[in-house]
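Line order of the protein sequences matches chains A and B. Numbering-wise (this note's numbering), the first sequence opens with residue 1 and increments by one. Numbering-wise (this note's numbering), the second sequence opens with residue 1001 and increments by one.
Hints may be right or wrong, so weigh each one.
[Unchecked claim] Derived CB-CB ranges, DEER-like:
1. B:Leu1057 - A:Leu219: 23 to 31 Å
2. B:Asp1110 - A:Ala226: 43 to 51 Å
3. B:Asp1110 - A:Ala164: 17 to 25 Å
4. A:Ala272 - B:Gly1157: 55 to 63 Å
5. B:Gly1157 - A:Gly404: 49 to 57 Å
[As the list claims (entries may be wrong)] Derived DMTMM-like pairs (lysine to aspartate or glutamate); straight-line CA-CA distance at most 25 Å:
6. B:Lys1102 - B:Glu1129
7. B:Lys1117 - A:Asp321
8. B:Lys1102 - B:Asp1132
9. B:Lys1117 - B:Asp1132
10. B:Lys1102 - B:Glu1069
11. B:Lys1102 - B:Asp1066
12. B:Lys1117 - A:Asp213
13. B:Lys1117 - A:Asp356
Hints were generated in silico from the structure; no laboratory data involved. Note that the Cβ used here is the ideal one computed from N, Cα and C, for glycine as well.
What follows is the residue order along each chain.
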Amino acid sequence: MRHAWTGLLLVIVGSLTACGGGNSSGGVFNFGGGGNGGSGAGYGANTLAVIVDGGPAAAGGTVNMLFTTVTICAPHSTRNCQTIDHVQVDTGSTGFRVLASALGNGLAAQLPQAGDGIGNALDECVQFADGYSWGTVRTADLNIGSETAAAVPIQVIGDAAAPAVPASCVTGPQENSVQSFGANAILGIGNFLSDCGMACETSAIAGTYYGCDSSANCLPAAIPVAQQLQNPVSLFAADYNGVIISLPDVTAPSANVGGTLIFGIGTQPDNALGNARIYTVDSNYGTLNTLYRGSQFGSSFLDAGSSGYFFTDNTIPTCADQPAFYCPPSALLLNATIQGMNGAMTDIAFAAGNADVDFATNAEALPNLAGPTASNAADVFDWGLPFFYGRDVYVAFEGGSAAGVAGPWVGF
Amino acid sequence: MLTRARWGAADAGRSWRAAALGALIACALAAPETARAALGENVASPARDHEALRGTLAVTPMQRYDVHEIVTASGVTVREYAAHTGPVFAVTWSGTQVPDLKLLLGTYFDRYVSLAKTHRTGHHVLSIESPDLVMTAVRFQRTATGRAYVPALLPSGVSRGELR
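Start from the sequences, fold in the hints, and give me the full structure.
Here it is as structure tokens:
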């Protein structure tokens, strides 16, 4: 599939680069039909250009982060819209979140804020490994390529309309700015249909959803699954059972690596399973297994949102100046086996390079970037974006089936 | 669920530079009695934490330490490792949600926040390795696991691989 698209890809990437560089910019603009951000005329209707570049200027330079462009509109509006560039494409989370500072003036106020069902405004805390973000939950239409997710709950991070952060949300550094978040927005298209799921419907859980009253008192609130942040692709009218991330092979540190995000699996001529194999993931956690050097890493995952391969191997030296990455004297050729919950297994050859050398190139796509899990978290093997280079990686959603196999699963 | 061998497997025991600053230990042990967090504090803190987390508490005595295991109301398993006659030297967590890290990390929370700010690994995995705090946090889809320990407080003979 990749070869057939290559020519077109170059065109798309070229145009993306040409109009990139700027900020998400501007205010609300009139959006009338036709193509929109990131999707070129004649390009498959279920595809969207993606790119690994340096990220939004305000973020100060990102590596191995995958971005695309999404147009946000007020519900049912084709006029009150804004196109946001440098939206991070993330298979490690679910839901669309945009930084208020990237949204520009005017539009946020036209996105109705959701409620908690008992008369309070709905706000959300999202807790990542590296920090938390806090903001309102609002309803918007998302135009993603030529497809639309209508009336979807999204999070507006750092929204001035949200009260002060509740203490129970604070589990690390705050990431409420483009600089600290590293993107203008994030498009979470992991295996799950909602970000929290039944756990947040049956209980009010601190660090997730909050109902905030008119006195700005916020308390954790139980929120039905359908009103939580949703996987936008799952709300499309077609091609909603999963996604494919298709990136070209990257053999050396490179700038501006373009690829394709394809919607649907087995629903169009361009998204067949082909020779890819299916690895089912744990339906509660989204994880699978990795076997590496005789050890089993039971909480492993493929994650387009991680910048490298992250796993513990105490024989590989970490970098003196940045212990979150490995710095072997020269790149190490390694092997590991990915194993789905269904037992499907495939050996993977990969390389762990010297991160100091890689970072010194100032390139944004580093195919050999790897690092430890510092506390010897020997159950975690994170197959980050370097794994995606040179592959078509399939992510099938829960609650449905793709290529004849019930989700959630990943394929490659 | 198939095998989730948490925090298991090979600990080749990377040599720990003895950055055991006496001042650090003194500081950690001197944490105020009113603090509600665990790491670096005395063995009374797991009991406080289990109340604050509204969870169940079970204590398993080991040869060199006690494991205080709290299962929170939202199903997160928190383990606090406390020396028999000393402070909590490690905490681990595993579940679908992130537990109250401010509570669990105590006086080390601010250190974690400042060290976490410069990372370049993405939103889903965080590794901190400093002389006074070693920590990993993973947040992927509906997985939340992590552990943190204070190298200077690890009882002698205890390897990192034991902390699960």
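Do the hints match the structure? See the list:
Between Leu1057 (chain B) and Leu219 (chain A) the C-beta distance comes to about 25 Å, which sits within the given range of 23 to 31 Å. Roughly 39 Å separates the CB atoms of Asp1110 (chain B) and Ala226 (chain A), a value that falls outside the hinted 43 to 51 Å. A C-beta distance of roughly 19 Å is found between Asp1110 (chain B) and Ala164 (chain A), which places it inside the suggested range of 17 to 25 Å. For Ala272 (chain A) and Gly1157 (chain B), the Cβ-Cβ distance of about 56 Å falls inside the hinted range of 55 to 63 Å, so the restraint holds.
The hint said 49 to 57 Å for the Cβ distance between Gly1157 (chain B) and Gly404 (chain A), and at roughly 53 Å that hint holds. The suggested pairing of Lys1102 (chain B) with Glu1129 (chain B) holds, with an alpha-carbon distance near 19 Å, which does not exceed 25 Å. For a cut-off of 25 Å, the pair hint linking Lys1117 (chain B) to Asp321 (chain A) stands: about 15 Å separates their Cα positions. The straight-line distance between the Cα atoms of Lys1102 (chain B) and Asp1132 (chain B) is roughly 17 Å, inside the 25 Å bound, and the hint therefore holds.
Only pairs whose Cα atoms come within 25 Å are accepted, and Lys1117 (chain B) paired with Asp1132 (chain B) is accepted, the gap being roughly 17 Å. Note on Lys1102 (chain B) and Glu1069 (chain B): the hinted pairing holds, with a Cα-Cα distance of about 18 Å set against a maximum of 25 Å. Only pairs whose Cα atoms come within 25 Å are accepted, and Lys1102 (chain B) paired with Asp1066 (chain B) is accepted, the gap being roughly 22 Å. Our distance criterion of 25 Å between C-alpha atoms is broken by Lys1117 (chain B) and Asp213 (chain A), whose separation comes to about 32 Å.
At roughly 19 Å between alpha-carbon atoms, Lys1117 (chain B) and Asp356 (chain A) fall within 25 Å of each other, so this suggested pair holds.
Of the hints listed earlier, those the structure fails to meet are numbers 2, 12, in rising order.
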